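There are 2 protein chains.
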Amino acid sequence: MRRINFFLTLFLLPLTALAAEVKSPNGNIVLTFNVDEGVPTYSMTYKGKEVIRPSRLGLELAKDKHASKGMSETDLMDHFVIKEENTTSFDETWQPVWGETRDIRNHYQEYAVTLEQRLDIPHYPKEAETKGMWVEPQTREMIIRFRVYDDGIGFRYEFPQQKELNYFLIKEEHSEFAMAGDHMAWWLPGDYDTQEQMTQQTRLSEIRGRMKKAVNWGNSSVAVFSPTGVQTSLQMKSDDGLYINIHEAACLDYATMHLELVDAETKALTTQLGGGSNAYTPNPKPSSYQLPKPFTFVSHLTPDATGLKGCMQTPCNTPWRTVMVSDDARDMLSSNLILNLNEPCKIEDTSWIHPTKYCGVWWEMIVGKSSWHYTNDFPSIHLDQIDWQRVKPNGRHAANNEKVKRYIDFAAKNGLDQVLVEGWNVGWEDWANMWKRDVFDFVTPYPDFDIKMLNEYAHSKGVKILMHHETSSSTQNYERHIKEAYALMNKYGYDAVKTGYVGDIIPRGDHHYSQSMNNHYLYVIKEAAKHHIMVNSHEATRPTGLCRTYPNLVGGESARGTEYEAFGGNNPDHTCILPFTRLQGGPMDYTPGIFETKLSTWSDNTSWARITIAGSLALYLTMYSPLQMAADLPEHYEKYDDAFQFIRDVACDWDDSRYLEAEPGDYITVARKAKGTDNWFIGGKCDENGHQSTIKLDFLDKGKKYNCTIYADAKDAHYEKNPKAYVITKKVVKASDTLRLTEAPGGGFAISLITQ
Amino acid sequence: MRRINFFLTLFLLPLTALAAEVKSPNGNIVLTFNVDEGVPTYSMTYKGKEVIRPSRLGLELAKDKHASKGMSETDLMDHFVIKEENTTSFDETWQPVWGETRDIRNHYQEYAVTLEQRLDIPHYPKEAETKGMWVEPQTREMIIRFRVYDDGIGFRYEFPQQKELNYFLIKEEHSEFAMAGDHMAWWLPGDYDTQEQMTQQTRLSEIRGRMKKAVNWGNSSVAVFSPTGVQTSLQMKSDDGLYINIHEAACLDYATMHLELVDAETKALTTQLGGGSNAYTPNPKPSSYQLPKPFTFVSHLTPDATGLKGCMQTPCNTPWRTVMVSDDARDMLSSNLILNLNEPCKIEDTSWIHPTKYCGVWWEMIVGKSSWHYTNDFPSIHLDQIDWQRVKPNGRHAANNEKVKRYIDFAAKNGLDQVLVEGWNVGWEDWANMWKRDVFDFVTPYPDFDIKMLNEYAHSKGVKILMHHETSSSTQNYERHIKEAYALMNKYGYDAVKTGYVGDIIPRGDHHYSQSMNNHYLYVIKEAAKHHIMVNSHEATRPTGLCRTYPNLVGGESARGTEYEAFGGNNPDHTCILPFTRLQGGPMDYTPGIFETKLSTWSDNTSWARITIAGSLALYLTMYSPLQMAADLPEHYEKYDDAFQFIRDVACDWDDSRYLEAEPGDYITVARKAKGTDNWFIGGKCDENGHQSTIKLDFLDKGKKYNCTIYADAKDAHYEKNPKAYVITKKVVKASDTLRLTEAPGGGFAISLITQ
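If you read the protein sequences in the order shown, they are chains G and X. Under our numbering, the residue at position 496 of the first sequence is numbered 496, and the numbers go up by one with no gaps. Under our numbering, the residue at position 751 of the second sequence is numbered 1751, and the numbers go up by one with no gaps.
The set of hints was computed from the structure by calculation and includes no laboratory data. There could be a bad hint or two in this list.
Said to hold, decoys possible - Pairs of lysine-lysine residues, derived as DSBU-like cross-links and limited to a Cα-Cα distance of at most 35 Å, are as follows:
no., chain 1, residue 1, chain 2, residue 2
1, X, Lys1452, G, Lys483
2, G, Lys69, X, Lys1369
3, X, Lys1213, X, Lys1369
4, G, Lys346, X, Lys1392
5, G, Lys598, X, Lys1452
What the hints assert, rightly or not - Reference listing, derived: stretches of chain G covered by chain X, where coverage requires no fewer than 3 residues with Cβ under 8 Å from a Cβ of chain X:
no., stretch
6, 155-164
7, 306-312
8, 377-390
9, 478-489
10, 513-523
Note that the coordinates shown come from a computational prediction; the quantities given were computed from them, not determined experimentally. By construction, the Cβ of each residue, glycine as well, lies at the ideal position given by its N, Cα and C atoms.
Here chain G stands alone, though its shape is the one from the complex (with noise of 0.2 Å):
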């Protein structure tokens, strides 16, 4: 099959730029944009101050064996004149499921620009390709969308449907964000398979220098792909005090974006754009694509398993792009821009769908005192060739009847809601990193996990079983017994699943946050839905904000979890940095609660948490989640009940909250109002270094009266030292009141207000 070669040929195209100008409804935050000899570029300031310098817009499409039947080749990067512009209020409040506050403000400017891009085009294709014949100049569109927020800005591209544009590969998108300085960072290394890494600060400047050992090469799939790649959400902060970060909203259907910086070693665009041998050449030339300037961020997409990085039909559209920026740090984390721009919710009937307050049959296992699998006997496990009755058991299984039910006693004693139970299905053995496609099958039981008499005893006490299935990112293999596993789940009457994408994504040489990938975890949540299943999923891509549209999506993981504290543990300040990065995008699933920290104590596992029981309390108001975890072991808490009162009382689902202190990496204190109610509670977590706090409570209700329970560090407690220094303190506060609380190292606080 020949290949028609796409002749772009340059004409009519003024040279001087046209300029649009938008600005956010409270005027600080002023867009531009431009077309600057045929290349959109956009800009972006805050109360004057520089956010985003001149930066340039457009996507480069890959070459394909079917261009003659239709696929586009031609690159979105230049050749483009304004053809119609549009400028647009929008001011709406809208009620989530679930989420931080009861209603949210969906309130922006919005600026769509058609560009024309002009070609010369033969016709399509017989004609022009046996006779030579050339027809007159042929256009096509693209739409860039821009919304301008008080607090940030989001823009997309969009595609429609026309006759010159109805299918394309992707090669990569161009997006880029250059940055006024050498800002301080909070990122992570940029990689295909894996956001489990520990938080790096440094100046952008310092990337390069730092990547190696800012990645855990040990980790179950690690595949960094750039010396100054990095993640989103990007939070950075500038010598100035603005605070921006970068980040992407309603990733649907489209790879999970990167970044990757252009700083002074940048030598060519070979090592920057497109990657390798496959690196961007102009079309034809000369090249309007000059490398940018030092300190810009280009956006790099996650190829599939050829390389590429999206196949697309129009009419379609990319994932917003979000820059957030504000001169106070508290506004990055109370900021709505990434929900708003999603898409309203698209489950109907949501009345399933509820906060959820659990504890699981999983920290031992972490720990490594038990195990997930069943026996030692076999070498390696054939789903279909076993008779697990009769096989031996490790005597090490965690799932087992008597354990779970002690779960569920405690839960039901304790008014949480769920009890999470992993390793409670068949082909554990084996389950990690061979490559093996038929994992898992999530309907067989071990034989000392009765699925029926369990879920019966949870349901007379209460309370419901979290199912988990663990893909080990056989995702096709899931996706094969997906019907028959939620049939499962609603036989049992499972409401919740935790998803689990351990290891190297089969189809081998797919990857975590491909287009591929992206559209399995979607197919999951839809599937869940329409099983009135709510979804937790873990290992997954960063979210971005797809809760507003499937609310059945409740948490996620997409980042070091406290797991990790037991695989050799978290800096004290990274719960002080997550709010900022990873719970852009939606809730984390972060099971929270350790009270044990140095595991030591009751286990061979050396490691230990950095945190202080009363920050690990602080937590479940720091990290907001409509699912939260009391993730130590039940006899932990029963040894400190008093502290797991607040574990008890707290709330996961709010009316309002109110973020009164904030910086990344360093401290973090909130205040919630728990839905329907008057009663708030407050969380304050802080770094290594320890912080004071001082809260006016000018929130509460001016009328009432709250019975006030302080749980704070004990003046000599310390993440290390004496994590389990805790004081509780009770009295009586009105709103006119001021709190003084000291934050041990690596502490925090919590507090109840429940109204008299």
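Got chain G sorted already, so can you dock chain X onto it with the hints?
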């Protein structure tokens, strides 16, 4: 993660060869097995003539990042000694659910040799890595199992479950087939995605020179991998009159095998093995691997998207590699070696599986007179965004109520069991070549196809509609919809589906013949069986006898079918080759029966079928299949109703079959006894040179007389100049009679023999 190097040391290996010799039941075939300086080799003779010269056996394993966790990396190529040998006899007769004969004899001599590979392997994994410890030599076992039949051999590799071999990735299988001379061969280009090419007839030494010309590069997916790569089943003929055929049996969850020829121009292993920079590097040294002699075929498996050939978990085995041989070409056609090497039927209740004669709304679309798609209104289709009731029909949609009823009437009148209807379901507007994942939903009919009414109408006349599921090779999409699609079939009473895999595989990078795709086809067959659905799979991998184990796999394409008569034409000898090659693995849905061979007489298509009407009738015998189509339009059959009588009469399931004459590419004559009757049908088909056939009827029941109807080419018949000239003769015959028939160029004959 660090990788452990597995070091091999040579010790205790006897340098002299050990030899085992195994004879077939009648002694004609002698297999010899050796371990030569640690390398397993085999050879084979037929009546004392060399068939396979000493040829190496072994597999090369891939390096993997999970090696330290138990993924084996050490090649299974050398350092072997014989540990155990078992020789056994087997003789059994079994009855297929459908087939060419009522009884099939499975009679072989088996030789299973357990090979021990002696290695130094560090203990798993931590101590050795950290302390540099080395342990005593460890061993691995591999079994090579040979079955020696009177008409050929099969061998396979078996990998028992064992401590040092639990999981491995196959980089390449290096099974050699050293030919004894520069044989004549009937071959197709080795290709990962298609075998819809014209067969080439050349000497082995001429393959390289012919390759470029042999490939139809315009095919929808071409992935040729080598200038000397050919596919199996490969039919050859030696200068001393031996017919030799290489193929495989029972390819289950393993990549389809091709053959790569080492010829005089093969310069180095790098072009031969593994390909490119991933070529086989002996581990560690010295290499025991040497370039085979010219005229040696080496196995070449189909890769996955990352270039690897297989993910294996012990216990497991490869498919059987087969070499059939005889000095009588007819034995190539009557052999049951491939079926015998497959597992017995795994479907307990087979009562719902039945031979089927069908017509269909198909040929007029293939020819281009009408369309699969319903509308021309959209540049592309998003299935969830179109209200099909409101779109404008293009007026050319074939699968409409009126036309389908016409075909149902025709089927009912002529005793055809089913009516295939293609293009009944939404999505055909842009179904191919655009990397479109969500291309069909398999449950939504076009507005002019009333699925309920049409099925009821068909059933009222004793006819079924045959379902069509074109997947467009978007396998993930098909698997997502398969359960609903089959439930719909059950609801409306369909019991057979024609599946299609046109175009490149989605997920991108995979191939039609890879391990994962072979697993997909099997998944479809098993899911269909659960729903009591028969499968006829087009553009799937070439069959390897799986229809014994899963007899609901009633047909397949996997070769150039009748449709190519409308795409430029098949050579007249095409159907005299297919029974020697494609049909070795199972029946083909060749869709014979074109009476109006000049398509321009009723359409704009200038192609024409290179066959006479009498030749077309012969195909119902010579191209054995339990699924036989009458592919032409009803009105064409009505014009030649006296010839069509044979299609009405002919059976498609048999108690006995006798190949009376055969020569690859020249002619085939076969007599078959209809299931459960004493009626016989005879078909003879020849190439462009015509053929004289003398048929002794001594297979008829000696005591009976038969009404004999002969459908023969007229004297001046010719596949191009006079294809519709046929003569129908009726007479009464008995077992002692002899018939003499003249087949015209590109012609043939068909005979029915009905007991009086």
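To see whether the hints hold, each was checked on the structure:
no. : hint                     : result
1   : X:Lys1452 with G:Lys483  : holds, 26 Å
2   : G:Lys69 with X:Lys1369   : holds, 21 Å
3   : X:Lys1213 with X:Lys1369 : holds, 31 Å
4   : G:Lys346 with X:Lys1392  : holds, 30 Å
5   : G:Lys598 with X:Lys1452  : violated, 67 Å
6   : 155-164                  : holds (count 3)
7   : 306-312                  : holds (count 3)
8   : 377-390                  : holds (count 4)
9   : 478-489                  : holds (count 3)
10  : 513-523                  : holds (count 3)
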